[in-house]
Amino acid sequence: MTELRICLPGQRLCLSDKVYTSGQGTYERQGYIYSQLTGCLDIVEKDNVKVVEVHSSGEQTVVPGQGDIITAQVYIITQQYAKCNIKCVGDTVLRRPFRAVLRREDVRATEKDRVEIYKSFRPGDIILARVAERSITD
Amino acid sequence: MSRNRDLLSKIGLRLDGRRPDELRRIRCKLGVFTEPDGSAYLEQGLTKVLAAVYGPHQVRGGRSKAQHDTAIINCQFSMAVFSTTDRKKRPRGDRKSTELSMHLQQALEAVIKSELYPWSQIDVYVEVLHADGGIYTACVNAATLALIDAGIPLKEYVCACTASLANNDVPMIDISHQEEIIGGPTLTVAALPMSGKIVLMEMSQRFHMDHLEKVLNKALQGCKDIRQILDEAVRLHVRDIGSSTGWANTS
Amino acid sequence: MSLCEAEKTFVLHGVEENFRLDGREREDYRPMELETDIVLHAFGSARLRLANTDVLVAVKIEIDVPFPERSKEGKLEFFVDCSANATPDFEGRGGEDLAVEIANTLSSAYRSKHAFDLTKLCILKGKKCWKVYVDILLLECGGNLFDAVSLAVKAALWNTQVPKVHGVNIDGNNIELNVSEELYDCDRLDVKNAPVMVTVCKIGEKCIVDPSVAEEQCSVGSIVVAVSGDKFSTVLQTGTGSLHPATLMESLKLGHRVAQRLDEALWATLRQIKPGQDVGFLK
Chain E
638 MTELRICLPG QRLCLSDKVY TSGQGTYERQ GYIYSQLTGC LDIVEKDNVK VVEVHSSGEQ
698 TVVPGQGDII TAQVYIITQQ YAKCNIKCVG DTVLRRPFRA VLRREDVRAT EKDRVEIYKS
758 FRPGDIILAR VAERSITD
Chain B
9 MSRNRDLLSK IGLRLDGRRP DELRRIRCKL GVFTEPDGSA YLEQGLTKVL AAVYGPHQVR
69 GGRSKAQHDT AIINCQFSMA VFSTTDRKKR PRGDRKSTEL SMHLQQALEA VIKSELYPWS
129 QIDVYVEVLH ADGGIYTACV NAATLALIDA GIPLKEYVCA CTASLANNDV PMIDISHQEE
189 IIGGPTLTVA ALPMSGKIVL MEMSQRFHMD HLEKVLNKAL QGCKDIRQIL DEAVRLHVRD
249 IGSSTGWANT S
Chain S
376 MSLCEAEKTF VLHGVEENFR LDGREREDYR PMELETDIVL HAFGSARLRL ANTDVLVAVK
436 IEIDVPFPER SKEGKLEFFV DCSANATPDF EGRGGEDLAV EIANTLSSAY RSKHAFDLTK
496 LCILKGKKCW KVYVDILLLE CGGNLFDAVS LAVKAALWNT QVPKVHGVNI DGNNIELNVS
556 EELYDCDRLD VKNAPVMVTV CKIGEKCIVD PSVAEEQCSV GSIVVAVSGD KFSTVLQTGT
616 GSLHPATLME SLKLGHRVAQ RLDEALWATL RQIKPGQDVG FLK
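From first to last, the protein sequence lines are chains E, B and S.
Positions 638 to 775 (this note's numbering) are the ones given, in order, by the first sequence.
Positions 9 to 259 (this note's numbering) are the ones given, in order, by the second sequence.
Positions 376 to 658 (this note's numbering) are the ones given, in order, by the third sequence.
Looking at chain E on its own, in the form it has when it is part of the complex (with noise of 0.2 Å):
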C-alpha cells in the first residue's frame, strides 16, 4: 500500500464490482475504473468496500459548490446585498477569486426583514458563508 503507483489520466485501474467502488478523481466507464486524475493511486476502506481514488500531486483545481463552506471578502455593499470575492473554498486557497452575492434575507436567521447591511458589513470585511442553492439568475 505505501508502493508508489502513479497513474495518468485514462488509465484503466480495476474492475468496478462489489469490492471496488470508484471514489474521487475515478471515475467508470463499461464495468470498469479509469482515472481522471495524474497523481497517486489511493485505496480507502470504507463500510467493507474499496474506494479506490487518485490524488493529485499538484495543487486540486476546486470550484465552489451548493454546500461549501468558503471564506469571501466583501468588496460592495447595496441595500438589498453585498457582493463578495471568494477566497478560500473550505480549506484550499483559490488562485483567481470567484464573485459571489449576499442577499439581504441570508444575512442572519432571524428578523430577517429588519436586516440594514451597512450595519452588518463593510467592504473590505472578511466573512465565512455557505453557498446556497444555485440558481439560473445567479
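There's no promise every hint is true.
Chain E is faced by these chain B residues, among others (derived, beta-carbon under 7 Å) [what the hints assert, rightly or not]: (1) H65; (2) Y125; (3) I156.
Rather than coming from a laboratory, the hints here were simulated on the basis of the structure.
Predicted model only: the values in this text are computed from it and were never measured.
Ideal Cβ placement from N, Cα and C applies to all residues, glycine included.
With chain E's structure known, arrange chains B and S on it following the hints.
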C-alpha cells in the same frame, strides 16, 4: 501527373527520409511557464507549439454565458507572426484561426469532465511558434499535455494525427508542410486512442472511398503511437515533480 | 493582483532601507537568461527571460522601395503581440493597448540616426532597400516589460544576418538584385548604439529599477528611459502620477547609470554565445 519530386521514392522513403508509417520526432515539456495553471511545449518535427491552460475560474464576460451544469471551454488558436516562411500580417482573428479554435474546442470538449465544474470556465490558449505542417494536430497534443499539467480531470488523452495517400496506393502518416503542398489529399483525425473513438475528422481534396478506410486506420494507429509518447513524457514529468515535492498531499 | 495598504507600506519601507521584497538593492536587476537563434525561419531571433517575464523576438527582412523623401534609408518596423498565454485578459484584442504602446516606444527610440543607422539598409538609392520587421511575442508578463523587450530586440538585431547583395541588373524600370545564395555570406547589423530601455519607478522618496508586479502597483510615478551610447534616445512617462522636476532629473541620471551597466552586461553575454548551442523551451 509529372511532379518534380515524388512523395514516395522508389525505395519507399519520403521527402525527409521517413518511411510511410513513421511519425516525426516528438519532443515535449510540461510546466514551461509559471503564470498559467498548466502549460506545455511540444515539437513535432519542425512544428513548435506552446499551450497554456487557465482554469477553472469564474466565467468572464457576463453571467449570461455561464451554464448551470457544465464548465465552458474557451479556446484560442494563434499563430506567431514569424511562424510561417512568409510573414503573417495578423496573429489571430482571421477565418482560419477562428475555425481552428472551434475545432480545438470540439476536440477538448469530448475529454474534459466539464460536469464537475458548473458555472465556471476553462481557457485553453495555443500559440504556434513555427509552422511546418500538422499544426492542428500539434496543437491538440500540446493542449492535452497542458490540461494534464493543470490537473483538470480528463476522461483520457486526446491525440491527433494527419494521414495522406501517396502514389494513389500507400498511406502515409504525419504530413509535413512540403508534402501537404506537393501532395494529395490530407486527412486530419483527432481521436481518443484508448477507447478508439474519433472526435474530429477533416479532409481536404478528395480520394476514392476504397482508400478511405486504410488511411483512417493508419491515422488512428498514429494517434495510438502519439499517445504512447505523450504518456512516457507525462510519467517522467510526474516522477520528477513528485519526488521533489515529496508527495506531500497523499497519505 | 491588488495589494492592501499594509502590503504597500511594507514594500515602501523595504525600498527606503535598500532591501526590497526579494532582497535586491534599489539598482539591482533580477536574474536574466538570454538565448539567440531560436526561430529557424527568421534571419535573427532572441529569447529573454527576466524572472517571470518571457519575451521572444524574431527579425525578418524583405526587399522594399524606400520612402521618396528618405531615398537613402531602409525601413524598420516593430510589431508587438501580447499572447494570451501571459494572462487571459490578452485574449482576442485585449492586449492591443499595451502592444501598441510598446511598439510606439520602440519606434521612437530607434528613430534617431545615432541609435540605428538606416542608411546601412539601403541597397540602391531611391529604388531598393531592406525592410526589417522586428516581431515581438510576449509570452509571460512578470513586471518590467519595456526593459526585457528592448534587451531582447537588441540581441535579436545583433543576431540578424542580412544577405549580401552581389550585383544589380538594371533593365529600364526592371531592377533585379543578385542576392548571395550562400548561407554564411552575410552582413551583421551594427547595433553598438542600439537603445537599451530602463524603467525607473518612484516609490515613496526613492527610485528603483526593474520593478516586479507588486512594486509596479506601489509606485507613485514611473518613467521609461531609452539610452543609446551615452545619449538619451527617448523618455516616456507611464501610468498615472506626476513627478517633480528634481525627481525627474534624478531618475534620468539613475536610468542612465543603470543602462550603461545593462549594456555592458548584454555585450558580455552576447560575446559568450557560441553558434550551435542547444537552446529553446525544452531545456
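For this session: Just pull the numbers of the violated hints for me, sorted ascending.
Result: none
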